[in-house]
Amino acid sequence: MMVKIVALLGVFGLGMCFALLGSVSVKLMPRLKIDQGKFGSLISAFMFTSLVASLIMGVVTDQVGYKPVAMFGFVVTAVVIFMLAYAKSYGATLVACLLLGFGAMALNTAGNTLIPQVLFGGEKPAEASNMGNVFFGLGLFLTPMIVSFLFRKTSYEKAVSALGVIILIPVVCAATATYPESANAFAIGDAVALLAKPAVLLAAFVLFCYIALESSFCNWLPAFGKEVIMNDTPDAEEEKADASAQNMLSMFAIAMMVGRLVFSALPKVTVFGGYYIAGAALAAGLIIMAMTRCKSAKTSRILAAAAGFAFAPCFPTTVGITFAKFSPELYGSIFGIIFAVGLLGGVIIPKTIGNMAGNSTIQKSLKLLLPACGLLIILALVLGYLK
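Here this note's numbering is used: the first residue of the sequence shown is 1, the next is one more, and so on.
To be clear, the hints were calculated from the coordinates, so they are not data collected in a lab.
You may find that some hints are simply not true.
Unchecked claim - Distance condition first, Cα-Cα at most 20 Å in a straight line; then the derived PhoX-like pairs of lysine-lysine:
{"hint": "1", "residue 1": "Lys364", "residue 2": "Lys295"}
{"hint": "2", "residue 1": "Lys197", "residue 2": "Lys27"}
{"hint": "3", "residue 1": "Lys88", "residue 2": "Lys197"}
{"hint": "4", "residue 1": "Lys197", "residue 2": "Lys298"}
{"hint": "5", "residue 1": "Lys27", "residue 2": "Lys88"}
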């Protein structure tokens, strides 16, 4: 039972990490006196170190086991959040964002490689991954809700520090859980050989497209929401507009949780996962097109929630149908590879949106996500077809 808690809290912590910068963006940018381009660089820094750390944590998990990786993830993430809370310069904040990638990827690897083994008896990896990643959505949902509430009650430092306390608590669970055996004899060369597997490469590029979408929403949705709100109601108080914009990320996360619960209950997700992902990507593209033209604050909230539901099955189903093609002792390294390549999308696209917004708006810049939706449809269908 305890190992299930660790797995679910690992992806919960990952959700917190992915929501963190977006949740504090409306306060952090004025605090550091930076524009959208500079903030985009913070996102890219986090994504880049996450990319490197994903490769490392995948192989380390297969070599040393789940317990040290999980404990490392919770402790390092908490320490880095405290650093971010009290950083007063752009340089110090950049260092915190760089280090955050290592904590986040330890939680990510431990959680997402354990979930297919400890839920549904290890027999339905795609369904299990969808069910487990509801907790990723929970972390994504609660983080902006907590900081939005605390920003109105206390200082920036104390509000962000509260997140560090929350993520530190599961260390006790990680220290006492009993974990599945890992492949202690697994070698680096075995991980490199996986790069020759078509399913691994296809899954990696599927995640490249998907993480470009998700990370862009996680980090720019509050800024997008504030733009639409201020244009729709120019006389709105800035504090209320900030809170409403932050809550938009929570709506996105709630819809994602609901979507993953729904997809975990659908028939044969592991078998027909490629079609589910392709359909979701098509829906996401249509929603993003509507967002670039949206002029109503109410409509923007509905579209944010719709995007969360559309995004829901893409990541966990990709992981599940890929794992189903291999044996469990390879899960750590496979996950490290596909997530690392996926994070390249998170390094490049959110930063590009920020740069484009410098001469335009976040809303108009979202059109950069449409090619990723189109490519995701094609790659998902091919991945689902492979045996």
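Query - Given hint lysine 27 paired with lysine 197 - CA-CA distance at most 20 Å - result: Not satisfied, since the Cα-Cα distance of roughly 45 Å exceeds 20 Å.
Query raised in the report: Given the hint that lysine 27 pairs with lysine 88, does the C-alpha gap stay at or below 20 Å?
Result: 12 Å, holds
Report task. For the pair we were handed, lysine 88 and lysine 197, check the Cα-Cα distance against 20 Å. Result -> Violated - the C-alpha atoms of lysine 197 and lysine 88 are around 46 Å apart, more than 20 Å.
Query raised in the report: Has the given pair, lysine 364 with lysine 295, been kept, meaning a C-alpha gap of at most 20 Å?
Result: Roughly 12 Å separates the two Cα atoms, so the pair holds.
Query raised in the report: Is the straight-line distance between the alpha-carbon of lysine 197 and that of lysine 298 20 Å or less?
Result: This hinted pair is violated, its Cα atoms lying about 46 Å apart.
Violation of the numbered hints given earlier is confined to hints 2, 3, 4; the remaining hints are satisfied by the structure.
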